[in-house]
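Colleague: So the chains spell out like this:
Protein chains: 4
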Amino acid sequence: MSNKVVLAYSGGLDTSVAVKWLIEKGYTVVACCLDVGEGKDLELVQQKAFDMGAEQSYVIDATKEFSEDFVGYAIKGNTMYEGTYPLVSALSRPLISKKLVEIAQAEDAIAIAHGCTGKGNDQVRFEVAIKALAPHIKVLAPVREWSWSREEEIDYAKKHNIPIPINLDSPYSIDQNLWGRSNECGILEDPFATPPEDAYDLTKPIEETPDTPEELELVFENGLPISINNKSYPLDQLILKLNEIAGLHGIGRIDHVENRLVGIKSREVYETPGAKVIMEAHKALETITLTKDVAHFKPVIEKQLSEQIYNGLWFSPLTDSLKQFIDSTQTQVTGTVRVKLFKGNVIVNGRKSPFSLYNEELATYTKEDAFNQEAAVGFIEIFGLPTKVKALLETEGVLK
Amino acid sequence: MSNKVVLAYSGGLDTSVAVKWLIEKGYTVVACCLDVGEGKDLELVQQKAFDMGAEQSYVIDATKEFSEDFVGYAIKGNTMYEGTYPLVSALSRPLISKKLVEIAQAEDAIAIAHGCTGKGNDQVRFEVAIKALAPHIKVLAPVREWSWSREEEIDYAKKHNIPIPINLDSPYSIDQNLWGRSNECGILEDPFATPPEDAYDLTKPIEETPDTPEELELVFENGLPISINNKSYPLDQLILKLNEIAGLHGIGRIDHVENRLVGIKSREVYETPGAKVIMEAHKALETITLTKDVAHFKPVIEKQLSEQIYNGLWFSPLTDSLKQFIDSTQTQVTGTVRVKLFKGNVIVNGRKSPFSLYNEELATYTKEDAFNQEAAVGFIEIFGLPTKVKALLETEGVLK
Amino acid sequence: MSNKVVLAYSGGLDTSVAVKWLIEKGYTVVACCLDVGEGKDLELVQQKAFDMGAEQSYVIDATKEFSEDFVGYAIKGNTMYEGTYPLVSALSRPLISKKLVEIAQAEDAIAIAHGCTGKGNDQVRFEVAIKALAPHIKVLAPVREWSWSREEEIDYAKKHNIPIPINLDSPYSIDQNLWGRSNECGILEDPFATPPEDAYDLTKPIEETPDTPEELELVFENGLPISINNKSYPLDQLILKLNEIAGLHGIGRIDHVENRLVGIKSREVYETPGAKVIMEAHKALETITLTKDVAHFKPVIEKQLSEQIYNGLWFSPLTDSLKQFIDSTQTQVTGTVRVKLFKGNVIVNGRKSPFSLYNEELATYTKEDAFNQEAAVGFIEIFGLPTKVKALLETEGVLK
Amino acid sequence: MSNKVVLAYSGGLDTSVAVKWLIEKGYTVVACCLDVGEGKDLELVQQKAFDMGAEQSYVIDATKEFSEDFVGYAIKGNTMYEGTYPLVSALSRPLISKKLVEIAQAEDAIAIAHGCTGKGNDQVRFEVAIKALAPHIKVLAPVREWSWSREEEIDYAKKHNIPIPINLDSPYSIDQNLWGRSNECGILEDPFATPPEDAYDLTKPIEETPDTPEELELVFENGLPISINNKSYPLDQLILKLNEIAGLHGIGRIDHVENRLVGIKSREVYETPGAKVIMEAHKALETITLTKDVAHFKPVIEKQLSEQIYNGLWFSPLTDSLKQFIDSTQTQVTGTVRVKLFKGNVIVNGRKSPFSLYNEELATYTKEDAFNQEAAVGFIEIFGLPTKVKALLETEGVLK
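Protein chains in written order, with the UniProt record's numbering: chain H, 1 to 400; chain E, 1 to 400; chain D, 1 to 400; chain Z, 1 to 400.
Looking at chain H on its own, in the form it has when it is part of the complex (with noise of 0.2 Å):
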């Protein structure tokens, strides 16, 4: 019978240790490592898998699948989890536990193996996406396993000739992909404490950032953006650009604390540049394109589409059904939107389609008003009767 184990195999310390123990623990380990637009050097992690003694050590570049099925949903849906935090580590996991799932099937592994700690929202992630697409399969969990102190974890790396990383006295537990980066421990876990400027790698401080504005038009396509000042991109090109420009303007920057899925408050630093601008611009856009049902409404469903993605739930029915009903909303929002990118903020100057529901003639106060004011007068009568009932009971007592 099999004894391999898929790893998700980042190159950093815990999971370079996770190789050796699962090793000693008589595991074939398969290491697997993806970028989602974080911009590993794949190459040298493999290797480096293979230095520790994985038996094999897949490398996948994800980045473009990673846009299109699920930060394309964050997009269309304006995900944000609390109504601050746009889901940056939250939507790579079910990717990441569908590539392993998938190498553990052509591996016909046994088990896979994540580097998560016992305390996090990942290691619930990973575990259910795992779950969803391979209910069989076993899952370990080194780190929360062996629940080493620091300084136990680096006395096993060097009895086994694990290279000890240079940054490791960084105070900050980092995660960074396509959507943004987040930061959390160290100085960051007081909540009254000012983020240090080394909490931040994406953006530049405001007292950086240039001294002129940038304008830019996005244009969208059924609700995602395809150019920047008429330059057509790919999605994943197209939110790096973004992150590169926006993060100059230092615009971006999240500082929340945020409750968990276990059950704890923590405080989190993200930056996610591009995100922002893309978000902004994308909600501007759907203010002139959707109806006001479907504006009213729709929050409804992407509060709990972020609540869902948030808890590791994407591969479910219920995100499927939220899915469809987001798509089903995205057909016209199609235009242009005219965004300012200035000293941290996005300022949307202009918004533009062929669908748009904004009607001049309707609005406008000039001689060209389309508006029937009389109308008015019976819509008030009805819409405000049940409040006239109410007070006729107030203010004579019973009604006839």
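Calculated directly from the structure, the hints in this document are not laboratory data. Treat the hints loosely; a few may be bogus.
Put simply, identical chains are the same to the list, so a pair is met inside one copy or across any two.
Mimicking EDC-like on lysine to aspartate or glutamate, the simulated pairs with C-alpha atoms at most 20 Å apart in a straight line are [claimed, not checked]:
1. Lys352 - Glu394
2. Lys25 - Asp35
3. Lys158 - Asp51
4. Lys204 - Glu102
5. Lys138 - Glu151
All values reported here derive from a predicted model rather than from experimental measurement.
Dock chains E, D and Z against chain H, hints included.
Modeller: Just chains E, D and Z, lined up with the frame of chain H:
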């Protein structure tokens, strides 16, 4: 029988014409002008009403009452219509209506008149609020009724010796109070056009803001701000103070195409410098003082309350119940928030509270960790059980 | 230019008078009568329209289309307005409007007329649906316009040789289709009065129902019923069959004071025997085939869809998106439900499905138990963590 | 240091064995048994606990407190989990937990023990409620911990001279209180099997109910029933009385496959005769006393409150806020409802209230009609405007 009408009088052209027009229709006019924080010269307006022919002219500074009974709920309830508009005018209409009704009852008037047109939200808000408080009183809307063009109105004014305001050719239609300023019409009617600088009044353009950030400590008690940098203010004064400070830093500009109650989309430009600072700080304080379940459900209440206020339903049993819910969540929203104002940005840098539910011992990744990571295994097994059962069905056919 | 108006013609007094009245106003009348399952004698109505002076008289049996395109969503969406009213008339209005518009376009008519009064929901449903499909066509509402008393209408009828129906002094106002029958007016206007037996037509009083229960097996496929006791039926025939069977057992009477779209409360009596059986069975089948997250979120969609339908907004982007959501949840709502009909009760006695997520091995308390009870300990610790942290704050003062 | 444990003692086999088991583990056992309306012989249970070896044995009749502080909210909030289960056991768990905590504090105990297994909801409800009130106390779950088979438990009981109950081979697992009775296990574990008659206890089968209907007048005050046929009762007595009357008429049987908090689906049979009558009457009274906006939003609150209760989160800030919302809606839910009980049916035949918002003059189609039908024209124009604008876009291409 009385032929008195109480007119909501602003001192502007429309309502000055309305005084004459109502007198011509046979009414005795009682003018009433409120200041709700916009800083009107009430004496001037009072005299002007008399000049126009009003029999009586009331002026009321309702700024304090406005802040306490209305704006307070906007703060505690984070109310934003369509996630964007902080309900500036919408909040003042019920208070103005209440004062009009009180005067009408004191004066034994048979009608109340307002100066709104027939295509905006405010006509609905006034008329529904008035009905809620005095269901039998007649409501007149002279501007909606006469439906003159601008030229016809000016002709009428000239004929009746009504002074023509010097800013008559301003293309904008403006409303302002303690909570902010709204602007519509003119070039703004093209939603792709950048709002010109003269559309703004309370806020500096980012280009002209100070190059040095300003850090403030705001203290909240039961959900409401009570001091800035350890100096206490009554709520209305605190907001006015913040309008000034934050306006200098270019904070609080909003450019929104919104769905009006009367069925049309309208492009509006808002300035809410103080509101922006207070609301960001308030939300940050809630992240550490509300339990997760309250934090996740309160937005449902907030959305409904925002729509109630926007739609003119302040005086209604549902609004009362929503307010009770909101109040009950704020008893421990007490603490300090440190914000940095800079170049149009409100950056929350720290939040603390004696009622903080953020537990550093649970959140930390250091040795002080009090979180039982083994519990996660059981949690994930049960949390993921429905997903696993569904996956078993998908992969194996029928369940046993 | 055309002066043709297409009139929704029922054959009753109001619309017969409307034919004459429209002709007197200078219109050429094209009558159109639909059967949506109430079992009209269409030939008779067709001839009557000609007798009244209609230039053309269409009759259409739309029962099948009604069941497939409209009632199907009521079943899959468990739609109930205010949790009580299964949307009988509300469902037929958009279909009738669609047919009227089709005829108006074929006949090159300039207007469509309906026979609704000015205080019901149906006027809104017709006019909004017609506008959704043909925004330029004029809509006429003769009954609302002439606003005669009953006596005046009869006088007019007599003068114009319009036959007076024999049941004219029925106090009730009735509408019926495949999905049920609604009744209002007369004694029912007193909400404390017991509805008299003559208010009902499709259902036996419980006192006269059989003393022997009847058990049926209903098979559903993708959310819709396809057979009764192993005999297959098209949806419309299946509903008619169940109306008959369940009506005999006194099933499906509803007595409700509902909030109309036009702001008043109205007491209505409904009979929906087939609908009651189908909806109870459908919901029971969903309990075993929907995952918990879908089961808990779908009601939010159902409530919104019910209000859309009630409010006449069938033809709208939001309704389209809600329908897509609903459809996506029904792909595995396939299986068999055993119901017992007896003395006004629909008792679901059993439900099974090839896609059942009910897992006897997990649910059982016998030795076959596959549930890992130890996992509960970890689950409870984490599920209860926010509660515990809050309690620590309450009992100990400030958290560390 | 204390080694006292307070055990929730029912007198049944599981908790009797638990007394001995805990003593063997070195604990001193304080037994505590509550009656929450199921009609226990408390003296007998008290003595039995002593016989088992308990050092102290408390018995408490908490029926009245249960009705006032818990069931009252179920009535005012129409709480139904998954639209079907009236939360019988779920409502009693927080009260029992509260009493256990009070005794534990009085007795200076170090732990509280309950007799729940590891796969039900009740273990979660007890443990979370206890943590909410006493975060430091230890919770023991002997039955979950020993995880014996039935045979092993009986062996243990025999060895320790614990009397074996005579109904030991009942296949069912039952819980009962004032608000109803729940039953699971045995044949009920097959969701396609008809529940056998011996699964029920509080209700007659319809076949054996009286052939004469019974009509009752229930009077409500502020949302709670206070009298039956003009005879006043305290709430607990009123419910017991209605359980008896409605049980005779076969009312209140529920057969449901529900989604447990711990991730599995479970088939449950409930009997809630009194609850069914009260809830139907209460909802009917709300139809005339709540405004439309409250009537349409309250279900959102009710659903959340139902889930809070089901999930054991009674003692939580969100539940407190939801209860405040509910209370604020009930101040005018006062009036009389006439119900007919017959053959398993609760038929509401009439409802009236001094605070009724039903306005016969507005609703009527007679000459007394006070509704302004002309207002409908304006209302429809504005209500339908977004639909029309959308249709113009669809039919004409781009809007001006």
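Colleague: Failing hints, ascending?
Modeller: 2, 4, 5
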